[in-house]
Amino acid sequence: MYMLEIENLTKKFGKFTALNNVNLQVEEGEVFGYVGPNGAGKTTTIRVLLGILQATSGTANVFGKDAWKDAVEIHKRIAYVPGDVNLWANLTGGEVIDLFVSLRQKSDKAKRERLIEKFELDPTKKCRTYSKGNRQKVALIAAFASDADLYILDEPTSGLDPLMGEFFVEEVLNLKNSGKSVLLSSHILSEVERLCDRVGVIMKGNVIKTGTLDELKQSAACADGKLPDSMEELFMRYYKVSEGV
Amino acid sequence: MRGNFDYTGKLVKFMLRRERIIAAIWIIVLVLFSVALAPGLETMFPDNETRENIILIYDNPIMVSMMGPIFDIDGEFTTGTIYAGMMLLWVMIAVAIMNIFIVIRHTRADEERWRAEVIRSLPVGRLSTVHAAMLTALIINTVLAVLTGLGLAATGTESMGFGGSMLYGAVLGASGLVFAAITAIFCQLSASSSGAFGLSFLALGGSYMLRAAGDVGNEVISLISPFGLAQRSMVYAENELMPLWGLLAIAFAFAALAYKFNSMRDLGQGFIPARMGRREAKKSLLSSFGLSFRLLKNSIIVWTITLFMLGASYGSIIGEIDRFVGDSPEYLTLVGLTPELLDTLSDSDKADMIVDGFGGFVTIMMTLIALVPLLMFALKPKNEEIDGRAEGILSRSVSRQKYLAGYVIIAFAMSIIVQLCTVVGLYGAAESTVREGEIGEVAAILNPFVFEKLLAANFAYLPAMWLIIGLAVFIVGLLPKAGGVVWGYYGFICFMALIGNIPDLLPAWLSNLSPFNFIPEIRVTNFDLFPAAESSAVPLIVLTGIAAALTVIGFIGYRKRDLITH
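These protein sequences, in sequence, are chains R and F.
In terms of the numbering used here, the first sequence opens at residue 69 and continues consecutively.
In terms of the numbering used here, the second sequence opens at residue 4 and continues consecutively.
Quick caveat, the hints were computed from the structure, so don't treat them as lab data.
Treat each hint with caution, since some may be false.
[To be verified] So the derived label-pair ranges between C-beta atoms look like this:
1. R:GLU181 / F:SER124: 14 to 22 Å
2. R:GLU95 / F:GLU120: 41 to 49 Å
3. R:GLU95 / F:ARG282: 53 to 61 Å
4. F:ILE412 / R:SER287: 54 to 62 Å
5. F:ILE227 / R:LYS179: 27 to 35 Å
6. F:SER124 / R:ASP190: 44 to 52 Å
7. F:ASN515 / R:GLU141: 58 to 66 Å
8. F:ARG562 / R:GLU181: 34 to 42 Å
9. F:MET312 / R:PRO230: 22 to 30 Å
10. R:SER310 / F:ILE304: 50 to 58 Å
11. F:ILE28 / R:GLU181: 45 to 53 Å
12. F:ILE28 / R:SER287: 25 to 33 Å
13. R:LEU231 / F:LYS286: 28 to 36 Å
14. F:ALA416 / R:ASP190: 48 to 56 Å
Computed from a predicted model, the values in this text were never measured in an experiment.
For each residue, glycine too, the CB sits at the ideal point set by N, CA and C.
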């Protein structure tokens, strides 16, 4: 059984097709990288998986259950970090972390304190005073402090500095070592390269390639057989192909 | 400092562009409202005699404290003076609210969302944003003032000449500008837009109360309030210009002070420092209901106290109710006391009838005010959703229904709390201020209110309040982007409650669109000489049924739709 499985998923907003026949699977214990340019449909896919948006057609299952109908049941075993973290101006970071964790399970105090210290967050400050990076830390700490089976991370490090980004990688590797599954949408290709077992590339609502990094590099080989030597180069080739260049 | 105001012009253009729809709606609604009522007033009070009668009703401390004074021209009242006396204050309050929104939207709120940072990084002056916001307010207020003035003059009402009409508009705009400037100051002091909102509305309420205190007591106190000062321009009577210059000078001085404060602080900071909070959440926060309660807690406390105080202030004037009897036979007629009846009734019965009429009026007013927090609470999940915070909760193991219920339950529970506050305030104040023999010369009793009856009269409005909450839930569930509809309907109900009871002014079907039209008037005293109009519980049950249906449909819709995402 896959941890999550998307089949022929299409999502339309009016006339605009945000997702077009998307197919994806994430296996147990796997870190799956989901990459693509802004507006390609990464966040929309995740929101369908979370039951925030309803699929226009096709199916999205998590733990074998329907993402829309069984959302509450599924969420008990998921930890999610959104790309754009919006918090309550009047609550402190510490309060929000406790709230987020407790809406799933009992919180683990030691874990929480370790993470707050590691990510250098001042949990006594009101959220209105937090920068984007600090708001992201709140969501990350809440996610890592939870004991979930599947972690859905949507561009979780876009506001973090490189050192914090490194801590993030460490924590994801921890999850991987303890057999957890992760869906990681990211722009930061070095992160994907280091963490992900398999990668899906989405452009303009279409998943154009799925596979291990090596497989992706092979498929993007130039006419002279030269493989792209970085994720950046790989990505640019796909991008040019999709733009018809 | 050089360059403090660079590119203000461009910012003004940008702000006006962002304002173009909202400001246009405000201006159109306010101008239409102002202009439409003038001819009606002329037909309602065509001659001196009818005008004197209405003045008699108005000339008592309760009315003056609510509406302000109506001025005369050498002892004579005209349609114009009555219009200014009845209308100016309310329209000024609306304009003040408009200005508070404009200034906060373009200064503190932008800063809070880190938009101001982008603007500030451009070659824009340090004070340009606040200056541009003030200029934007100036332009919008000027347009409003000129259109209102021209519109009123164009009605051709004899007693509302061109000069007076333009002064009316000008005073309106100038008082709005004062509140724009006051808000600009609070936007510097407070580090959050919600803080600035709170302080600005406190200033608005304070101005209203100061004016009320001054109008029935020492007039000098009224002059401290922008509202009181504006009313002293005696539009359509003496047409005094000094208050207008006064208002403009105050606006100018406050704006200068705001600029000074602005130049003294860092972006994103305020003078009232942000307090440190809890490191860990209290247990009570740790559920979706706990969160909604926490987010609404301050509002619940503030509104509970406000409604209690308002109820108490109405209750405390019961002892003064003899002014009605002494000065205003028309009021007696209004509550059903004809001269023939007067002779046959005992003094305490007369007092009861007077208090009954007053109680009915206060109940409607208080219910209208109490609806404001109820609608805010019921619409809160929609705002949470649009601001992207609902997603944070709904992506955890919280169902849509449970999440929505967290707010809806509070709104419904609050409806009972607010009505209870009114009743306790009214009754308690009457109980503690009315002494034996104090109700004028007509009665020698203590507190005329009967608690159970007062409670029944106020609770009778609950089904109507629930219907409006139900509409809000329906909108949140099905049409979350149309929250304005709920406020529009609320405005309509206010309008109907205030002028809808003037006989034959409006068609019956229009009146019947307001749920208040179906609420029976329940006597609040022991008066039982003749039976009250036949009332049945059927309309209340029907209203409750509609409220329940709207709420259920709202919940179903909320479960079935996509969340609003960006």
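Comparing the hints with the structure gives:
1. At about 37 Å, the CB distance of GLU181 (chain R) to SER124 (chain F) disagrees with the hint of 14 to 22 Å.
2. At roughly 43 Å, the beta-carbon separation of GLU95 (chain R) and GLU120 (chain F) lies within the given 41 to 49 Å, and the hint holds.
3. Judged by the Cβ atoms, the range 53 to 61 Å given for GLU95 (chain R) and ARG282 (chain F) is violated: they are separated by roughly 39 Å.
4. Our hint of 54 to 62 Å for ILE412 (chain F) and SER287 (chain R) holds, since their Cβ atoms are close to 55 Å apart.
5. Distance hint check: the CB atoms of ILE227 (chain F) and LYS179 (chain R) are about 58 Å apart, inconsistent with the given range 27 to 35 Å.
6. Restraint check, SER124 (chain F) to ASP190 (chain R): a C-beta distance of roughly 26 Å breaks the suggested window 44 to 52 Å.
7. Against the hinted window of 58 to 66 Å, the Cβ-Cβ separation of ASN515 (chain F) and GLU141 (chain R) comes to about 47 Å, which falls outside the hint.
8. Between ARG562 (chain F) and GLU181 (chain R) the CB atoms are about 37 Å apart, so this pair conforms to the stated range of 34 to 42 Å.
9. Between MET312 (chain F) and PRO230 (chain R) the C-beta distance comes to about 56 Å, which lies outside the given range of 22 to 30 Å.
10. A hinted range of 50 to 58 Å for the beta carbons of SER310 (chain R) and ILE304 (chain F) is consistent with their spacing of about 56 Å.
11. Distance hint check: the CB atoms of ILE28 (chain F) and GLU181 (chain R) are about 51 Å apart, consistent with the given range 45 to 53 Å.
12. The hinted range of 25 to 33 Å is not satisfied by ILE28 (chain F) and SER287 (chain R), whose Cβ atoms lie roughly 56 Å apart.
13. Look at LEU231 (chain R) against LYS286 (chain F): about 35 Å separates their beta carbons, and that is inside 28 to 36 Å.
14. The hint said 48 to 56 Å for the Cβ distance between ALA416 (chain F) and ASP190 (chain R), and at roughly 36 Å that hint is violated.
The earlier numbered hints that this structure contradicts are 1, 3, 5, 6, 7, 9, 12 and 14.
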